[in-house]
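Residue numbers (my numbering), protein chains in the order written: chain U, 7 to 91; chain S, 11 to 261.
A hint or two may mislead.
To be verified - Label pairs and their in silico Cβ distance ranges:
#1 ALA24(U) <-> LEU167(S): 34 to 44 angstroms
#2 ARG115(S) <-> SER42(U): 29 to 39 angstroms
#3 VAL35(U) <-> ARG118(S): 40 to 50 angstroms
Stated by the list, open to error - Negatives, chain U to chain S, calculated, CB over 10 angstroms:
#4 THR20
#5 ALA21
#6 ASP25
#7 PHE28
#8 PRO29
#9 PRO56
#10 GLY59
#11 LEU68
#12 SER72
#13 ALA77
#14 LEU84
#15 GLY85
To be verified - If you want the footprint, here are the derived chain U segments under chain S, 3+ residues with CB under 8 angstroms:
#16 9 to 17
#17 33 to 44
#18 60 to 67
Rather than coming from a laboratory, the hints here were simulated on the basis of the structure.
Just so you know, even glycine gets a beta-carbon here, dropped at the ideal spot from N, CA and C.
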Amino acid sequence: MCTYITEHVALAGTAKGADGWFPVSTASVYLDHPFSAPLEHALCLDFLNPDRGPSARVAVELDEGSARALATAILSALGRAGTAE
Amino acid sequence: MYDTVLEETVGLAGDGGDWIEGYLARPLAPAPVPGMVVIHHMPGYDFDAKQITRFFAVHGISALCPNLYYREAPGASPDDAAATVRAEGGEPDDRCVGDVVAAARYLRHLPNASGKIGMIGFCSGGRQAYLVGCRSQELDAVISCYGGRIVAAPNELSERQPVAPLALTSELSAPLLGIFGAEDANPSPEHRALIDEELKRHGKVYELESFDGAGHGFLQHDRPSYRPEQAVRAWQLILDFSVRHLGAPAF
């Protein structure tokens with residue numbers, strides 16, 4: 007895609023990176039050329055804590071089907087627990 | 011033939027005098043040696059960008075790849091740096107122009123420089139090469155490889171990337187080589203036709219080459235998009251174009 011178009015989501019939670027658990031405050035969501043996944047385009051998720059610098063990041067690159075299944079599973083899990091809006 | 015090549019990380023004063031790093035690979039042969047600025051792709055200042063920089067050096071052309079993401083993420087891994095810049099809205103066009111021109115000046119002042127300096131970019135860097143070629147008078151050749159968003163709709167522009175480079179074509183100051191994959195969606199064959207039309211309308215010196223059976227990123231050897239046959243032909247075209255417009259390489 008070669009675009010900087012990115013969705014930003016404010017978060018409250020933690021993620022586990024190379025140096026263990028850390029608080030995350032935002033996520034970037036975008037469809038673009040992945041860095042690692044062997045795909046032309048991937049749905050990329052970055053869980054970030056900008057206050058801790060660029061390396062405070064947990065990254066995921068998924069194919070489109072996986073990303074949709076993940077989104078459905080998140081909503082399903084929240085619904086079963088009775089916490090979905 | 012003295013074919014020793016030196017490769018090292020260097021510092022240079024980028025846009026606004028900011029200190030940024032760059033990866034330099036240069037023949038140590040006597041003058042005159044032409045130069046090439048390598049503009050990395052959106053995933054950043056990574057192994058692939060350095061490999062391309064070395065490619066030019068072993069073909070007798072001094073090359074320098076400035077780390078366009080250095081300010082936001084000094085010392086970070088390329089993917090983390092790219093993610094940080096993306097989250098902030100991407101590399102600002104004005105800053106990119108300043109950094110690339112600074113890299114061109116660095117090459118021009120090497121002790122064995124011929125004074126002829128080209129520029130090559132890939133993916134988002136292909137767009138940036140076209141942009142810098144239009145906004146600066148300091149480059150002698152422009153090579154844009156599958157530059158996405160040279161043609162851009164108004165809703166694709168932003169504060170950091172406020173202008174579609176196509177709109178600046180009248181200002182293009184050097185011969186241009188455009189490399190395209192015929193199966194690419196951005197730049198698409200329609201985008202390529204618009205670029206062709208605009209370059210022709212303004213009487214520019216240019217060559218656009220489209221490769222059948224190839225899509226976006228077909229030169230990147232470690233990705234599934236790699237197309238070896240087309241890539242070999244494209245690299246030869248790139249070298250031929252460089253020699254014609256920058257002069258003979260060191261070896």
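Exercise. Is GLY59(U) truly not at the interface, in the sense that its beta carbon sits beyond 10 angstroms from all beta carbons of chain S?
Worked result: It is violated; GLY59(U) is separated from chain S by about 7 angstroms at its closest Cβ, not greater than 10 angstroms.
Exercise. If you look at each residue in the region 60 to 67 of chain U, do at least three have a Cβ nearer than 8 angstroms to any Cβ of chain S?
Worked result: holds (count 4)
Exercise. Does the no-contact call for LEU68(U) survive, Cβ to all of chain S over 10 angstroms?
Worked result: At about 15 angstroms from chain S, LEU68(U) clears the 10 angstroms cut-off, so the statement holds.
Exercise. ALA77(U) clear of chain S by more than 10 angstroms, beta carbon to beta carbon?
Worked result: 20 angstroms, holds
Exercise. Can we trust that PRO29(U) is non-interface, i.e. its beta-carbon lies farther than 10 angstroms from all of chain S?
Worked result: 17 angstroms, holds
For this session: Say whether it holds or is violated: THR20(U) keeps its Cβ farther than 10 angstroms from all Cβ of chain S.
Result: Consistent with the label, THR20(U) stays out of reach of chain S, its closest Cβ about 18 angstroms off (over 10 angstroms).
For this session: Mind verifying the non-interface call on SER72(U)? Its CB should be farther than 10 angstroms from each CB in chain S.
Result: For SER72(U), whose nearest Cβ neighbour in chain S is about 16 angstroms away, the distance exceeds 10 angstroms, so it holds.
Exercise. At a Cβ distance under 8 angstroms, does chain S reach at least three residues of the region 33 to 44 of chain U?
Worked result: holds (count 7)
For this session: State, for the Cβ atoms of VAL35(U) and ARG118(S), whether the hinted interval 40 to 50 angstroms holds or is violated.
Result: 42 angstroms, holds
Exercise. Should the label of PHE28(U) as a non-interface residue stand, given a Cβ cut-off of 10 angstroms to chain S?
Worked result: 14 angstroms, holds
Problem set entry | Interface-negative label, LEU84(U) against chain S, beta-carbon threshold 10 angstroms | Check passes; 25 angstroms lies beyond 10 angstroms.
Exercise. Range hint 29 to 39 angstroms: satisfied by the CB atoms of ARG115(S) and SER42(U)?
Worked result: 35 angstroms, holds
In this structure, the earlier hints numbered 9 and 10 are contradicted, and the remaining ones agree with it.
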